[in-house]
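Chain H: place on chain W using the hints.
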Amino acid sequence: HFGSSVASYFIFLRWMYGINMILFGLTFGLVMVPEALMGKPYGSLPRKTVPRAEEATAMNFATLWDFSGFAQYSVLFYGYYNNQRTIGWLKFRMPLSYFLVGVGSIGYSFMIVTRTMAKNANDDGGGDDTSFNFSWKMFTSWDYLIGNPETADNKFASITTSFKEAIVEEQESRKEENIHLTRFLRVLANFLALCTLAGSGYLIFFVVRRSQQFALEGLENYGWWERNEVNTVMSLLGMFCPTLFDVISSLENYHPRIALRWQLGRIFALFLGNLYTFIIALMDEINLKARYFLSFTLEEEKIVKYNMTIWEASLYNGTIPENSTAPPIQVDPADVPRGPCWETMVGQEFVRLTVSDMMTTYITILIGDFLRAVFVRFFNYCWCWDLEYGFPSYSEFDISGNVLGLIFNQGMIWMGSFYAPCLPAINVFRLHTSMYLQCWAVMCCNVPQERVFKASRSNNFYMAMLLFILFLSTLPAVYTIVSIPPSFDCGPFRMFEVISETLEHDFPSWFGKVFGYASNPGLILPFILLMV
Amino acid sequence: LRLFYRYRDLAPQLVPLDYSNKPAVTLPYELIGSMPELKDNPFRQRIAEVFSEHGDGNMTLDDFLDMFSVLSEMAPRDLKAYYAFKIYDFNNDDYICKSDLEKTVNKLTRNELTPEEVSLVCEKVIYEADVDNDGKLSLADFQHMIVRAPDFLSTFHIRI
Chain W
1 HFGSSVASYF IFLRWMYGIN MILFGLTFGL VMVPEALMGK PYGSLPRKTV PRAEEATAMN
61 FATLWDFSGF AQYSVLFYGY YNNQRTIGWL KFRMPLSYFL VGVGSIGYSF MIVTRTMAKN
121 ANDDGGGDDT SFNFSWKMFT SWDYLIGNPE TADNKFASIT TSFKEAIVEE QESRKEENIH
181 LTRFLRVLAN FLALCTLAGS GYLIFFVVRR SQQFALEGLE NYGWWERNEV NTVMSLLGMF
241 CPTLFDVISS LENYHPRIAL RWQLGRIFAL FLGNLYTFII ALMDEINLKA RYFLSFTLEE
301 EKIVKYNMTI WEASLYNGTI PENSTAPPIQ VDPADVPRGP CWETMVGQEF VRLTVSDMMT
361 TYITILIGDF LRAVFVRFFN YCWCWDLEYG FPSYSEFDIS GNVLGLIFNQ GMIWMGSFYA
421 PCLPAINVFR LHTSMYLQCW AVMCCNVPQE RVFKASRSNN FYMAMLLFIL FLSTLPAVYT
481 IVSIPPSFDC GPFRMFEVIS ETLEHDFPSW FGKVFGYASN PGLILPFILL MV
Chain H
1 LRLFYRYRDL APQLVPLDYS NKPAVTLPYE LIGSMPELKD NPFRQRIAEV FSEHGDGNMT
61 LDDFLDMFSV LSEMAPRDLK AYYAFKIYDF NNDDYICKSD LEKTVNKLTR NELTPEEVSL
121 VCEKVIYEAD VDNDGKLSLA DFQHMIVRAP DFLSTFHIRI
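Just so you know, the sequences run in chain order W and H.
Heads up: the first sequence begins at 1 in full-length UniProt numbering, then just goes up one per residue.
Heads up: the second sequence begins at 1 in full-length UniProt numbering, then just goes up one per residue.
Take these hints with a grain of salt, some might be off.
[What the hints assert, rightly or not] Derived, one-sided and incomplete: chain H residues facing chain W with beta-carbon distance under 8 angstroms:
no., residue
1, Asn41
2, Pro42
3, Leu79
4, Tyr88
5, Val105
6, Leu108
7, Thr109
8, Arg110
9, Leu120
10, Leu139
11, Arg148
12, Ala149
13, Asp151
14, Thr155
15, Phe156
16, Ile160
In short, the hints are calculated from the structure, not lab data.
Even for Gly, the Cβ is constructed at its ideal location relative to N, Cα and C.
So that you can see chain W by itself, here it is in the shape it has in the complex (with noise of 0.2 angstroms):
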């Protein structure tokens, strides 16, 4: 209908999806599956259960919408997992099985996008797009396979005004231009742009830091904004600062194919920043807390082990250890005080991102573009201008801005899933909504897009593009494993230092040393440029 480059987008889409299901699958099965089943009954159930002071509201709607209380102490996040090393019957080993799935996802989704991106480079041979424009019109036009009047009437129409089209652009590529003032335009545009990026990077600074004020006051005291005002600024800043760029781009006079390269890159390097931002004040606070926590409650931490221990072993009724003096106690689950866990916090952040960057999408579907449809098509009899033709008019499919966000989801998915193996299963039932809800929408409410952009070329750039938020998502997640010392109280890493002693532990010694070397980012550079 609407031309391939709409349904290129369709089937990276559906590509993705593909990805996504994979992903689902690996976590799922090696990692949500085994715990649920057999990690229960053999013990850890402290951390397991919910603690009796959030009992009262854990079932709340509210508190699972916000992924805390009931939906916090389940297999959707990391601090369930137990830490023994074997659970089972089938000394199925956890840990090592919760890393590798880790790994094993980055690596796959690796392996996918390069061998995608050589197809596609095979492909397409190099072309380039600019030149042949009149000829390639001439020549390859018309379709052969019509053999129907309608259609052909419908062609020949469609291709006189591509030719129109091109001669209208033609004639004004040859018109003089004033040098100096398109130079100063678009020095002004660019300077605006990188304005705009750098508010928006400080706004999510500075929203980010009040959410820790608000953390420390205790959440209780504030309402819904203040509790998700992180997730709907971003959100909200994905949304308007393209249709910003789109203004400040019409200052520049580009060529419409170089202005939407432009267009595009603006777009990514708005939301890399938002990203990283987020990531970093994420980063700080983390840090924050892991220094208030070593710091103040060394102390309680060896009570709550203590506590701990005792626990554990009045539930198996086997050896107390020696140097106790308590008799056993029966505690019932909920009340075992347990420690912070900052492994879950993230991947509740990352979760709640997520989910907050969906209804943004939806409600911005549907009243962008749907409301916008009904509004101009029932209200054009009485009013002023034509609608139809000016402004608001029907709006268009965005390809770039709709793939954009795709890729970037899919970036917090990649950063997130180490900490919330559940963000994959949640991302397949997202991809799978939006794409029934945006074929609707594209099929009911838009129009074709005036500037028609060659979908076969595009593709790799889209594939690059996502490549390099794989490398940027797996730095967080990297850094914190080499560098933060896991939460002492949850997570199946949390008896070591680091978790890079797993590895020690549990692999024949040359693997470590060899993973020690492939890690080297040096080596990851030169495997990417012979791909290429």
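Just chain H, lined up with the frame of chain W:
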């Protein structure tokens, strides 16, 4: 075999079922041009002329088979480019000159463009594709240009 039945369906009284003694049967252009796959195509006359034996548009079974095999999905790109060149070369002088281009444009737009616009388009095409700078497109120029086109293979294709 399917193609043979299609050929025969166009004029059952002319085409015998038995081809083993190679009868010389040609179908006139009017019948070919009325096939549903071709009747909306602005270039059908040129297609028939290119593939017919004597260049008059009347086709034997062999010509018919050749035509559909070149236009099928499986024909190699260079072969298609060669035949496309011949189709667009209206005066059969082995070069696509400006008048050929003008005729192509007019057939594509059903004469909707003004003569100045047509002339502009043709000049642009020659400017873009003429590598040896002789003011017209030779087979080499045409091939050089068409193999880089992303939709050439998908549009220059008839399914039967």
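Tested hints:
Interface hint status for H:Asn41: upheld, as the beta-carbon distance to the closest one in chain W is roughly 6 angstroms, under 8 angstroms. Look at H:Pro42: its Cβ gets to within about 7 angstroms of chain W, closer than 8 angstroms, so that hint holds up. For H:Leu79, the interface hint is violated, the least distance from its beta-carbon to any beta-carbon of chain W being 15 angstroms, above 8 angstroms. Because the closest C-beta pair between H:Tyr88 and chain W is about 7 angstroms apart, less than 8 angstroms, the hint holds.
The criterion of a C-beta within 8 angstroms of any C-beta in chain W is met by H:Val105, whose closest approach is roughly 6 angstroms, and the hint holds. At a threshold of 8 angstroms, the smallest CB-CB gap from H:Leu108 to chain W is about 5 angstroms, leaving the interface hint in force. For H:Thr109, the suggested interface contact is upheld, since its CB lies about 4 angstroms from the closest CB of chain W, less than 8 angstroms. Satisfaction of the interface hint for H:Arg110 is found here, the shortest Cβ-Cβ separation to chain W being roughly 5 angstroms, below the 8 angstroms cut-off.
Among the interface hints, the one on H:Leu120 holds; its C-beta lies about 6 angstroms from the nearest C-beta in chain W, closer than the 8 angstroms criterion. A hinted interface residue such as H:Leu139 counts as satisfied when its beta carbon comes closer than 8 angstroms to some beta carbon of chain W; here the least separation is about 13 angstroms, so the hint is violated. Residue-level restraint check for H:Arg148 holds (minimum Cβ-Cβ distance to chain W is 5 angstroms; threshold 8 angstroms). Proximity of H:Ala149 to chain W holds as hinted, the smallest CB-CB distance being about 5 angstroms (cut-off 8 angstroms).
Interface hint at H:Asp151: satisfied, since its Cβ lies 5 angstroms from the closest Cβ of chain W, which is below the 8 angstroms cut-off. Among the interface hints, the one on H:Thr155 holds; its C-beta lies about 5 angstroms from the nearest C-beta in chain W, closer than the 8 angstroms criterion. Evaluation of the H:Phe156 hint against chain W yields a held restraint, the C-beta minimum of about 6 angstroms falling below 8 angstroms. Interface restraint check for H:Ile160: the shortest CB-CB distance to chain W comes to about 10 angstroms, outside 8 angstroms, so the restraint is violated.
Of the numbered hints listed earlier, those contradicted by the structure are 3, 10 and 16.
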